[in-house]
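So you can see what is in the structure, the chains are spelled out below.
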Amino acid sequence: MTLNELKIGETAKVVRLNGEGAVKRRIMDMGLTKGTEVTVRKVAPLGDPIELTVRGYELSIRKDEAAKVEVG
Amino acid sequence: MANIKIALAGNPNSGKTTLFNALTGSDQYVGNWPGVTVEKKDGVLKGRKDVVIQDLPGIYSLSPYSLEEKVSRKFLVEENPDAILNIVDGTNIERNLYLSTQLAELGIPMVMAVNMMDVVKRNGDKIDFGKIAKALRCEVVGISALKNEGGLEAAEKTVDMARSAEHDAESGNRKVAEVPHVFSGSVEHAIAHIEESIQGKVPKRAIRWYAIKIFERDRDVIKDLDIGVGLMKHLEEHIRDCEKELDDDAESIITNQRYDFIKSLMDKSLTKNEKRRNKATLSDRIDKVVTNRWLAIPIFVLAISLMGWLAVVPGGDVTDWANDGFLGDGWHIPFTTHEVDGNDWETAQADFAKAEATVAAWEAGEKKASIEDEETGEIAEEWDIDEAAYNAAKKAKEPDPRQFGVWVPGIGAMIGAGLEKLGVSETVSSLVKDGAWGGVSTVLGFVPVIVLVFLFLAFLEDCGYMARVAFVMDRICRKFGLSGKSFIPMIVGMGCGVPAVMAARTIENKRDQRMTIILSTFIPCGAKLAIITMFSVLFFRSQWWVFPLMYFIGIAIIVFGGIALKKSKAFAGEPAPFVMELPAYHMPTLSGVWRHTWIRTKGYILKAGLIIFPACVFLWFVMHFNWSLTLLSDEQLDQSILHDVGSWLAWLLKPLGFGSWQGAAAAVSAEIAKEQATATLKIVSIGMEGATGGARVQNLFASMSDFPKLAALSFMVFNLFIPPCMVAIAVTFREMGSKAWGWIAVGFQLFVGYAIAMSIYQLGMLAMGCGFGFWTAAAIIVDLFCLWAVFRPGKKFKVVSCKLKGES
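As you go down the protein sequences, you meet chains A and B in turn.
Residues 1 to 72, numbered by this note's numbering, are exactly what the first sequence covers, in order.
Residues 1001 to 1808, numbered by this note's numbering, are exactly what the second sequence covers, in order.
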């Protein structure tokens, strides 16, 4: 399962980050690393991006990026 | 004693600039969104001339993505500050410490200031500073930059630390004894090995930082080091062993283990208030409404419209007072006024005006007298006169405002009286009253409106809405190839185009940054607001919708301009990724909002003195002298230098409806500063008929076109949407990175402004039944071209992973 498939309010643990390069690094720098708990807070009015709670703060990423984050 | 350099480093939006301002007494801009500061700023610590504090743009990590992150990293690694003051947001400590672990590895003495301790305490959370200090081998203090608590002590501590630190024998830099080790056994082993092999090749004290970067295969760092292919190959083996053992890539291993280290440190040192944990905070509740599925976009539209309403409805009254009262003839202090002979001041004035009109009309041999409405220029009242009325009117005396209450003379009246006392010639009096003061006071008259908009903007910036706008708008922006982050510069642009162009630096991808720069100045800035106010009062009966309409036209240009640009080769491609922190909302403090407003307003007023004033004097001179430098009277202005120069350019503006030398002078001089257009119009209309400056401007437009309102609309739109003022153009050139790109930006803006003004005027005339001419056809062709540029099928981009700046 990937992060973009979580429903609003659901919490899961990050299992793996796919993809490579600067975007992946940026997402990891922002605290979305293996083993982190992440909650989907909300989806933007037009369906994208999504808002997450991770490490106690609010982070927003696009669904494209969320699709590269495997959770379980 | 040598100067001590202290770098303020920390995450975006952690309060570095607030602390910087408190420590140095500066007035740098702060706001509640990540990326307010995009340039390094220096200041001297209050009361300590030998200590320089450097405010760096906020960064999340020392692996840079965007331009301003590069500024910070370069400074920290290469410029060797004597000590680092690391600001950490105490309400978001876990992610903030991620950067701290990296800063600690630089081997520079460091003090960590945990900011927002007032909020942490209010939330009932507890942070054990001792444990963090021990783990990261630095000093830790709690501060509240906003409440001005503990900041100075933290700075003093940093200075002491820098003083007492040992000097590195080789480089003379100050260093710390030990840097923290946060990684697991096998990683530490590999790093130790790398450290050994690069000794002598990198600055000694930061050797660990370099070793970790090599382990991560950071291209920028490796490129700058002279490692050698053989050695790199050898090191690569160690890295690969490590990757195999931990079944992950090196970059992920480092990131994961840093966060693991922080997580276990947090478990020991942070006690969260359990009661609060699951409670919805006020921030959450506000957020629910503001980013609601259905309400988000209407709320945004409402916010902009509210600003427009504020600027016109209450703003209009204040502008009247500023123009006619404070800067004009004078004003009564409220509640001190009383009636004289049953009339109040307004009635008495109106009666006297009527009497004057009666006298003038009778003496001219007419049987009817009339009074024109000052604003619309239409006949407001007309009445029959006879000899009796004339005799009565002749006896009427001008009412003395001082009898009607406490009267404060206006600056304009005082200048007039002063000039009369000095007994100066009519020429000098005209230069001062009509030229210099006429122009400057016009610009200053808009201060109240501009203050209102700046107040509104300061509130938006401080409360945390900006990042949400980016979140809400991302999807729309992506439609035309930008990320939601591009929306932030556009809102900043409502204040001023210069910071807007600079704010585009937070966009990670050069192509998107350039596009944002080109587009963001289409949002009317504070100075353009002066033009909108003037025209909506003079030509559109102060309708409240004129303001929002101009903003939405600006937004429409951005959207369609974006779509068109994106289809060109230079800008095609996937938009930059959107990874953005959404800061917590907080109620802006009154003093904070006021400070923001004041900084901007001060800038506007100073500009009136330093730029508008000399420009007005210059304009008055070139308008009142001919080429052989003979003084001209107000009736001979068509022999002036300005008339000739303006006429050379006027033909270009003919299709727009204001192709006279006056129109050209106003449009060109507006490039000095946008509000100059209002001042210039007042000056170049000196030769026109009319009792007030406003009436003269109306007559000026009437002299240029059969449809003065249409020409006025065209003039306003032209000035709003052609390239911004000189300063903003200069910044655009700098930020675009090359002259060629600068010209592309300016060329595009010029085309857009001209095309829209021409379409409005030509198609407007067509609609009014003026027939089809050459320029009508030209306008239609230009419009068809624009439609084609927007709607032509673009190439589908198939790029899967997009490259960021810094990636080759």
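Calculated directly from the structure, the hints in this document are not laboratory data.
Cβ atoms here follow ideal geometry from the backbone N, Cα and C, with glycine treated the same way.
A portion of the hints provided could be inaccurate.
As the list claims (entries may be wrong) - Chain B side only, calculated, beta carbon under 10 Å to chain A, not exhaustive:
id: 1; residue: Thr1091
id: 2; residue: Thr1291
id: 3; residue: Arg1293
id: 4; residue: Arg1475
id: 5; residue: Glu1508
id: 6; residue: Glu1581
id: 7; residue: Leu1766
The hints, checked one at a time:
{"no.": "1", "hint": "Thr1091", "verdict": "8 Å, holds"}
{"no.": "2", "hint": "Thr1291", "verdict": "7 Å, holds"}
{"no.": "3", "hint": "Arg1293", "verdict": "5 Å, holds"}
{"no.": "4", "hint": "Arg1475", "verdict": "4 Å, holds"}
{"no.": "5", "hint": "Glu1508", "verdict": "8 Å, holds"}
{"no.": "6", "hint": "Glu1581", "verdict": "6 Å, holds"}
{"no.": "7", "hint": "Leu1766", "verdict": "37 Å, violated"}
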